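Asker: Chains as they are written, first to last, in this note's numbering: chain A, 1 to 260; chain B, 1 to 303.
Derived from the structure by calculation, the hints contain no laboratory data. Model, not experiment: these values are computed from the prediction. All C-beta atoms in this analysis are idealised placements derived from N, C-alpha and C, irrespective of residue type, glycine included. Just so you know, not all the hints are guaranteed correct.
Stated by the list, open to error - A few chain B residues that don't get close to chain A, going by computed Cβ distances all over 12 Å:
| id | residue |
| --- | --- |
| 1 | Arg-14 |
| 2 | Lys-45 |
| 3 | Thr-63 |
| 4 | Ala-65 |
| 5 | Arg-113 |
| 6 | Lys-117 |
| 7 | Met-197 |
| 8 | Ile-207 |
| 9 | Ser-216 |
| 10 | Ala-219 |
| 11 | Val-223 |
| 12 | Gly-265 |
| 13 | Val-270 |
| 14 | Asp-271 |
| 15 | Asp-281 |
| 16 | His-293 |
What the hints assert, rightly or not - Taking lysine to aspartate or glutamate pairs in the DMTMM-like style, the calculated list, with each CA pair at most 25 Å apart, reads:
| id | chain 1 | residue 1 | chain 2 | residue 2 |
| --- | --- | --- | --- | --- |
| 17 | A | Lys-128 | A | Asp-249 |
| 18 | B | Lys-202 | A | Asp-167 |
| 19 | B | Lys-178 | B | Glu-249 |
| 20 | B | Lys-28 | A | Asp-167 |
| 21 | A | Lys-244 | B | Asp-271 |
| 22 | A | Lys-244 | B | Glu-84 |
| 23 | B | Lys-153 | B | Asp-93 |
| 24 | A | Lys-84 | A | Glu-5 |
| 25 | B | Lys-28 | A | Glu-203 |
| 26 | B | Lys-148 | B | Glu-90 |
| 27 | B | Lys-277 | A | Glu-27 |
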Amino acid sequence: MIRNELCTVISHHEIAENIYELILCGELASEMKEPGQFVHVKVSSGQDPLLRRPISIANIDHEKKEFTLIYRAEGRGTTILSKKMPGDEVDILGSLGHGFPLEETESGETALLVGGGIGVPPLYELSKQLVARGVRVVHVFGFQTKSAMFYEEAFKQLGPTFIATVDGSYGTCGLVTDVLDFEVLSFDTVYSCGPTPMLRAIEGKYAADKKVFLSLEERMGCGIGACFACVCHTAENPNGFTYKKVCTDGPVFRAGEVVL
Amino acid sequence: MNRLAVNLPGLKLRNPIMPASGCFGFGKEFGQLYDLSELGAIMIKATTVEPRFGNPTPRVAETSAGMLNAIGLQNPGLDKVLSEELPWLEQFDVPIIANVAGSTEEDYVEVARRISKAPNVHALELNISCPNVKTGGIAFGTIPEVAKSLTAKVKEASSVPVYVKLSPNVTNIVEMAKAVEAGGADGLTMINTLLGMRLDLKTGKPILANRTGGLSGPAIKPVAIRMIYEVSQAVSLPIIGMGGIESAEDVLEYFFAGASAVAVGTANFVDPFVCPKIIKDLTELLDKYGFEHISECIGRSWK
């Protein structure tokens with residue numbers, strides 16, 4: 001059930017350079033289930049900026065009716081959002097989209113979670129829920145630089161966590177693929193969220209013999225499937241007129257389902 | 001008495017509020033959120049003879065109080081609209097206005113002929129104003145003689161009244177309105193989007209893959225109000241007004257300008273519940289300004 005609700009800011013902190021952790025309280029938290037879903041956020045009440053911003057859900061707390069959004073304050077909209085104070089209300093539409101399929105990894109199996117930059121947040125709720133099901137998790141994350149890194153300790157509580165930074169300021173110097181090429185990791189499934197070139201690399205590396213699930217990002221209008229802004233071609237008909245909508249068919253797709 | 005009921009050619013509307021074409025798909029997404037029978041009508045997404053994928057992404061870019069889109073008439077094609085989309089909408093007690101598009105006159109005639117026979121299609125909206133396709137669309141909507149000729153052919157093929165959707169991207173909108181009136185149009189819908197562009201500050205290149213797109217949202221409302229004000233006094237056709245409507249107050253302004261009904265577009269993307277909200281607010285607003293019936297508001301701005 002999609003609902004529109006004014007949620008209350010419980011806490012709001014800059015947890016890394018330009019990266020904010022926003023904890024909101026609202027009834028719609030009780031309907032959030034799948035990790036990897038997103039909410040559509042109206043950052044101000046007026047006409048400017050007009051459209052909502054899609055932001056993935058990083059953590060769900062059903063008991064407290066709270067949920068966490070982690071986002072990068074980069075454009076005008078997210079910069080406005082970053083000024084919200086505890087007690088303020090934020091206009092939320094959600095929860096939207098299809099998230100990561102937990103049931104694809106059996107209890108006792110191992111899941112590899114690969115995240116890049118601001119694609120890391122939804123993997124936190126995913127990792128928590130996998131661990132709760134008895135799945136072993138291994139995390140491999142890439143960031144631009146150490147100061148942009150977040151949640152390393154939180155992820156370490158759930159499973160082994162490898163970090164790469166592009167500038168070499170922390171962990172492995174390079175990209176997540178540099179970690180994946182070097183470390184000997186055994187796993188049954190792969191869940192990934194991050195920039196499209198990273199998703200392509202993950203798909204190329206593992207899709208042939210593993211179950212791989214990728215969370216895509218695309219500019220959105222409505223977030224509910226009506227405006228056709230965020231469509232992508234299907235892999236079986238890459239130049240045809242069949243399509244998937246990132247907002248409602250995704251944002252998580254099985255590797256090989258859509259053209260990246 | 002239903003104070004919001006409006007009768008237009010082919011359309012008995014329980015209220016004058018309908019979602020605009022291209023902003024509501026074929027209703028399925030919003031059908032999960034509220035009862036579509038609450039709406040006055042539904043303008044479905046433009047339908048072409050053949051299925052279309054539309055333009056490459058990015059297809060939307062935000063602007064001050066508005067947005068640019070270049071979707072490119074993505075739709076599943078006439079056959080599928082007739083066999084799946086329209087039958088699904090039959091569960092609701094709501095008239096459908098089918099938006100008709102194409103690349104050639106023959107395309108338009110073919111879509112109009114077949115889609116107008118669907119039982120829940122009560123009127124057509126002739127799309128001669130889409131700015132985001134290479135052929136068809138706006139190419140038919142900027143030269144009066146061309147628009148008149150196409151209107152006449154579609155009118156002949158259609159089993160239901162034909163409303164022509166006008167483009168604001170013309171020098172003289174009144175001339176266009178008169179031309180399609182002479183071509184036999186039963187009504188007008190106006191306005192379509194304004195052609196616009198945004199550039200990326202890092203690359204210097206257009207944000208939209210299509211380079212240009214159609215501007216919609218509150219930013220264009222004054223343009224639409226002015227055009228409806230001019231056209232409604234120059235022709236005798238009823239007008240369904242659109243462009244940046246997001247409140248009952250906006251609706252009243254459109255009626256004062258000369259519209260007889262309105263469509264809500266971009267606002268559906270910001271608040272998917274906006275149409276039922278406007279319908280609910282409208283009666284109260286009539287009380288506030290002392291009107292018995294919404295029809296009393298039409299053309300209040302005329303001298």
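Asker: Are the hints correct? Go through all of them and say.
Answerer: Hints, verified against the model:
{"no.": "1", "hint": "Arg-14", "verdict": "22 Å, holds"}
{"no.": "2", "hint": "Lys-45", "verdict": "8 Å, violated"}
{"no.": "3", "hint": "Thr-63", "verdict": "8 Å, violated"}
{"no.": "4", "hint": "Ala-65", "verdict": "4 Å, violated"}
{"no.": "5", "hint": "Arg-113", "verdict": "23 Å, holds"}
{"no.": "6", "hint": "Lys-117", "verdict": "24 Å, holds"}
{"no.": "7", "hint": "Met-197", "verdict": "16 Å, holds"}
{"no.": "8", "hint": "Ile-207", "verdict": "9 Å, violated"}
{"no.": "9", "hint": "Ser-216", "verdict": "10 Å, violated"}
{"no.": "10", "hint": "Ala-219", "verdict": "8 Å, violated"}
{"no.": "11", "hint": "Val-223", "verdict": "15 Å, holds"}
{"no.": "12", "hint": "Gly-265", "verdict": "10 Å, violated"}
{"no.": "13", "hint": "Val-270", "verdict": "6 Å, violated"}
{"no.": "14", "hint": "Asp-271", "verdict": "7 Å, violated"}
{"no.": "15", "hint": "Asp-281", "verdict": "16 Å, holds"}
{"no.": "16", "hint": "His-293", "verdict": "30 Å, holds"}
{"no.": "17", "hint": "A/Lys-128 x A/Asp-249", "verdict": "24 Å, holds"}
{"no.": "18", "hint": "B/Lys-202 x A/Asp-167", "verdict": "21 Å, holds"}
{"no.": "19", "hint": "B/Lys-178 x B/Glu-249", "verdict": "29 Å, violated"}
{"no.": "20", "hint": "B/Lys-28 x A/Asp-167", "verdict": "47 Å, violated"}
{"no.": "21", "hint": "A/Lys-244 x B/Asp-271", "verdict": "23 Å, holds"}
{"no.": "22", "hint": "A/Lys-244 x B/Glu-84", "verdict": "18 Å, holds"}
{"no.": "23", "hint": "B/Lys-153 x B/Asp-93", "verdict": "30 Å, violated"}
{"no.": "24", "hint": "A/Lys-84 x A/Glu-5", "verdict": "16 Å, holds"}
{"no.": "25", "hint": "B/Lys-28 x A/Glu-203", "verdict": "32 Å, violated"}
{"no.": "26", "hint": "B/Lys-148 x B/Glu-90", "verdict": "32 Å, violated"}
{"no.": "27", "hint": "B/Lys-277 x A/Glu-27", "verdict": "21 Å, holds"}
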